[in-house]
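Asker: Listed below are the residues making up each chain.
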Amino acid sequence: MKAQESKWGPAVFLGPAVFLLFILMVYPALETIRLSFFDRLGENFVGLENYEYAITSRRMQEAFRNNLIWLFVFTIGTVGFGLLIATLADRVRYETLAKSIIFMPMAISFVGAGVIWKFVYDLRPTGTPLQPAQQIGLLNAILVASDPDGTLNDAIARLNEEGVPIDAQAVQQAIIDVETDAIEAAVADEELSREEADELLEVLPDRAKGYVNGKLPPRDENWQALGQWGRTSLDAINAAIATMPEGSGRAICNAVPHVCMTQIERAETAAIDEAVSAGTLTDEQGDALKRQVRSVALAYVEDGKRPEGEGWQTVDQWDQIIADVDQITLRGINDTLDTGIEPIDWIRTQGINNLALIIVGVWIWTGFCMVVLSAALKGIPGELLEAARVDGANEFQVFFRIIIPMLMPTITVVMTTMVINALKVFDIVYVMTAGNFGTEVLANRMYFEMYGGNREFGHASAIAVILMLSIVPIMIYNIIQFRRQEARR
Amino acid sequence: MTSATPAVSTRSSTSSRAGQKVGFNWGRFIGRIPLHLVLILLILIWILPTIGLLISSVRPQQDILSSGWWTVLKNPLDFTQYTLENYDAVINNPNYNMARAFRNSLIITIPATILPLLFAASAAYAFSWMEFRGRNILFVILVGMLVVPLQLTFIPVLTMFNRLGITNNQYVPFLGIWIAHTGYGLPYAIYLLRNYMGSLPREIFESAYLDGCSHPTAFLRLALPLSVPAIASLVIFQFLWVWNDLLVALIYVGGGQYAPLTYAVSNLVNSLGQDWHLLTSAAFVSMALPLIVFLALQRYFVRGILAGSIKG
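Those protein sequences? They're chains D and C, same order as listed.
Per this note's numbering, residue 214 is the first one in the first sequence, and the count goes up by one each step.
Per this note's numbering, residue 130 is the first one in the second sequence, and the count goes up by one each step.
Some hints here could point you the wrong way.
[Unchecked claim] What follows is a set of in silico ranges between Cβ atoms, one per label pair, in the way DEER data are often shown: (1) G376/D x N221/C: 28 to 36 Å; (2) I693/D x E332/C: 41 to 49 Å; (3) I268/D x E332/C: 46 to 54 Å; (4) E515/D x T209/C: 43 to 51 Å; (5) T527/D x P163/C: 42 to 50 Å.
[Unchecked claim] Covered stretches of chain D, going by a simulated chain C footprint (3 or more residues, C-beta under 8 Å): (6) 238-250; (7) 319-333; (8) 631-639; (9) 652-663; (10) 675-684.
Derived from the structure by calculation, the hints contain no laboratory data.
No residue lacks a Cβ here, since even glycine has one placed at the ideal position from N, Cα and C.
Take the sequences, apply the hints, and build the full model.
Answerer: This is the structure:
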């Protein structure tokens, strides 16, 4: 490979790139390595103290675990889907359309993606028999089909009008008590710092009030007992209902018709099942009745409208069921309620939320993998594939024996890119959870050490150095690949 | 091996489509049903969240909060349930100044897309086809910069820029962010282009050199044209990254009269919080141009574009 010697040396070709990279990245990187051995503000040498913190602190260990999950799930997800879609789209006429749609998330900023996925993962907080909330988040709407109604606060106000001695204040106070206990316990376990806890306690009354009005607290606040807020409010209301005189179920049903509807629905469904197995109803009749039972029961509770049609088994007992509603506890219905699956708080539930965030990442980055892999796929000579097919290879053999091996260099590039993305992941976590609820990652931790309240430059630098070191094996692998490439050509 | 050599593709689109021209092949159609099903399912999964956003952006505020966006699908032609008020409120509100932000985004993005590609292409050529001492080491150092978290570079670089009068420059207000985006975009562009140029067939370059071709000529006449697919993808990626960037813009131009669109949208997010009717429409305003750019360059990914480029 000898071009004519000329005055155009490598220096000219490399000059601008090398110059810019040295001032913008190499120099700051070296500065970072230096700072990682110094204290908070970079003044005194502290040896390996920052690294000790980076390896032993609880938040950092959580970050290491999560980055590892990201590394595997995210990389396999993006490269796998990218390869699958590139291969499939190559064989259909609507290829451009298909690829444009898959690529589209790449064109959306993280701010936009955050809005989009907040919509998908949204949870309306008051999903209880008291107030079966309409889920406006796609995933939870698929899990739970429910009816619209007002907020918990509306229900409390209506109960109050019907004479139940309860006010929103009492419910809020119950929530505050439960959350305060949980926060104090977390401080005792060193899961929260005293400052964090005090900040939370300060806004707690406000958040509890918001919750009763149908608003979950902001996502970047690290509440400890959020999962119990719903039950706590039900318990508070139950306590008030228990003080009512016997047989005042009608009043309660006026305020919260869904509770009574659920009771009637359960009684009627059981009776229908019995009638079907006894043979007085056919399977079809039973199914038809069961499909209507909810709306019929609700109409009866709200307007006293008697059901039309034949076959209702328990209709003469419905008044009694309504009168007895004050005997049941709302919490009891909630725990045993057979509405399929409870809505899930995708963003705050540990174990699920990491996956929920990774899905957002995969949704964004698969288009990238697909475009690069697809370009390489076009480069595989068509004759080669045709020849294999003529020789009797099926599509799977063609894919695994020819396409995959020939794409290997490109797959390496794409995978390297995705591994780096997984290690550096920041925006998605920052936008959606700010690293709370067990979703901490290294880059987010580094950001908060650096720009958060304490300005721990030493800690941040040590984390950055660990991040940089973690990529070394992958770069070595890439160099080996380049060497092979050079040897082959 | 010619493993990653798109440039020498001779695969024509006609050969694989030949079967369809001779009447309709039912056996083939049925055999391909699973293929279509899987692909269409994936497309649906991918587009659903965005459709939800789009529909929500044309629904009145009260509807967005009280029912899921899919409820409009029950009567999709009932146009009374749609409104353009949200867009009107976002675009024409003088407080948000969307038009100015849009123009700033363009001024930032165009140079910040072209410059890094130019520098990266010449560097990638040097790494692929020139021999010099320390080539591998230099390559590892430059590409290794991929993993440096950008947030770390801000303070040292900003200090330097301030000393040199690059930031807050009244004549070239965007100079700082141009330089920054160019630098930050380089490692990946070099990495991808080096990989692509390095896999171009050696014979082409050797015969060119034998014919007395110099490096600048080989770079401009051979390497660049042959790398068009890789460069086209990089243009898209760099454009999207700069257009959608918020962090770097915040650091190097701040929030004043030169702030880009992402800043305006994120301002909406912060100031409006739960006002999803405005958020959804603002998010769509910011997505419009990137989508157009992608669709315009899409043809570079279509089969056969390269077939004739070196054969003729």
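Asker: Going through the earlier hints one by one, which of them does the structure break, listed in rising order?
Answerer: 1, 2 and 4
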